[in-house]
Amino acid sequence: MKSPDPAPPDGGHARRARPLLGTLVEIAADAPPAVFTRAFAAVEKVQALMSYHDPASELSRLNREASAGPVSVSAWTGEVLRAALDLAAETEGVFDPTVAPRLTALGFLPPTAGAPRADGRATWRDVELASRNRVRFRRPLRLELGGIAKGFAVDRAVEVLQKAGVAEGMVNAGGDLRVFGSVEWPVEIRHPGQPGLSAASVPVCNAAMATSAGYFARRRHAGKDVTALLDGRTRQPLDPDTSVSVMAPTALLADALTKVVFALGPASETLLQRHGASALVLDSHGFRAIPPILPHAT
Amino acid sequence: MNPWLRATLFPAAMIGTPIAGHAVVYLNVAQAQQAIFPGAGMTAAPLKLTAEQKKAIEATSGVRQRDDDVKAWRVSGGGWFIVDEVLGKHEFITLAVGITASGTVKGVEIMEYRETYGGQVRDPKWRAQFVGKTKAAPLKLDQDIKNISGATLSSRHVTEGVKRLLALQAVALRG
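So the protein lines, in turn, are chains W and H.
Just so it is clear: in the first sequence, position 267 is 267 by my numbering, and no numbers are missing.
Heads up: take any position in the second sequence, counting from 1, add 1000, and you land on my numbering.
The hints are simulated quantities; they were obtained by calculation from the structure and are not laboratory data.
Possibly wrong hints are sitting among the right ones.
In silico BS3-like links for lysine-lysine, alpha-carbon gap of 27 Å or less [what the hints assert, rightly or not]:
(1) K1071/H with K1106/H
(2) K1071/H with K1055/H
(3) K45/W with K1054/H
(4) K1089/H with K224/W
(5) K1054/H with K1106/H
(6) K45/W with K1055/H
(7) K1106/H with K1055/H
(8) K1106/H with K1048/H
(9) K1089/H with K1054/H
It should be emphasised that the depicted structure is a prediction, and the values quoted were computed from it without experimental measurement.
Assemble the whole structure, with the sequences as input and the hints as a guide.
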C-alpha cells in the first residue's frame, strides 16, 4: 500500500526487474506498465548495440571490421564511445576501453569469433571516432564498453521515465543506479569483504551512484585472486578486496569513474571534482572519501 | 556539500546491517502474465515430467531439470507461460518465461528475488518459506526493500534457466 504522506522512496513504487546487461536491471517508479516496458526497451537497445558477447551487436562488428576500414555506428554507440575516449584522454589511459584482450587472458571475457588477432600494443589511442559516427581502428584491437555502457543504459531508461512524466524513480543495473525526483533514496553499499553485509547507507537524491568491487567477479589467476578491474596503463588487475563507489550527475559518469578511482585513489580528486563527482573507497583499512570529509562519528 | 557526509558508515568491525535476506517481490502470476502476453487469456496446464522428459531436457539444454512439477499455462492464441525457480550460489529467483508457439522467448520477467549468504539458499526449508508467496504478491511492495549499489550476482543462472525452459517446452509442452 502506498503510505499517505510523505511517501517513503521505496515503499510507494512498483518495481520490475529483468535479466539484462549480464545482471538484473531493476526499475522502481510510479508508472503504468507500458512506461516500464519502454524503459526496459531502452536498456535492451543498449545491450543489442554494445554487447561484447553478442556477435550481432555494433560493437562486435567494429571488432571484426573496423581495423580494415571505417564502420558507421548508431548515435548511441557513438555517444558512449565518445565519452569513453574522452575519459581515456583525460586520464591518460587509466580508463581504457581496449583492455579486453587482457580480460580474455584472465578468463573474464570469451575470445571474439571471426575478428583479426588483436595487436598487443593497441590502446585507446588507436580508436578513431570521426564525424557521422564513423569508427576506425588503427590496429586490430578489441573495443569493450562494459565499464561505461551499463551506466549509459541506466541514463537512457531514466530519460524514458522522465519524458513520460514520471516524477520520481530509480533504475539500478546490477549496482549502477540513478535516482530522480525530489525524494532521497537510501542506498546500501556492500561490504567488500562480506558482500552479505552493508558497509554504508547513503542517501541519494537526483544523482547516480555506481560501485565497482571484486566480490562477484574474481578468479584465480597465476596463484592469486584477480578481478576484472584493470589499470588501463599497466593492464594489471586491481585489489579484489577493495570497493569503490562514485556519486555523479549521470550513471555513465559514475560507472566509468569507479575504475579510475580504483586505479588512482586520492589522486583522482581533481578529476572527480571536474565532473561534479565524489567517491567512497572501502577496503580492509576502512573508509576514505574523495574529496575527504571530516571523520564521521560512528 | 560532500554527499558522503550524510552516509552512515558501519565501522570496520563489520556490524553493518545485513543485506543477506534481501528480498523483493516484483510481480505475481497474473501481473507477470500480463507483462509478457498483454491482454491474452491463460489456461492453467500444470504438468508432471517423466524421468525420460527430464533427461531429454537436460540433454538439449545442458542444464539440470530439478523439479518434476511444471507450473505452465497455455496462452490463448498460441504460446506458453511458465513460472520457475532458479538457484544461484547466494540467490533464489522466481522467474516467468513466455514462449511463443514457434518456441522462441517472448519475454522474461523476474517475479521474486531473494538473496542470502552461508548456504541457506541450498536448504529446501529456507526456500519453502517463500513458495506460494508470489500468488499473493501485493501490487505495492514492502517498506524494507533495499536499494543496493555493488555488483549484484550474475544473471548466468537466469540465462541457464531460460535455456532449460525452452528445452522443456520443446520436450513436454505441445500444441
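Open item on the list: Hint by hint, where does the structure go against what was stated? Just the numbers, ascending.
Closed with: 3, 6
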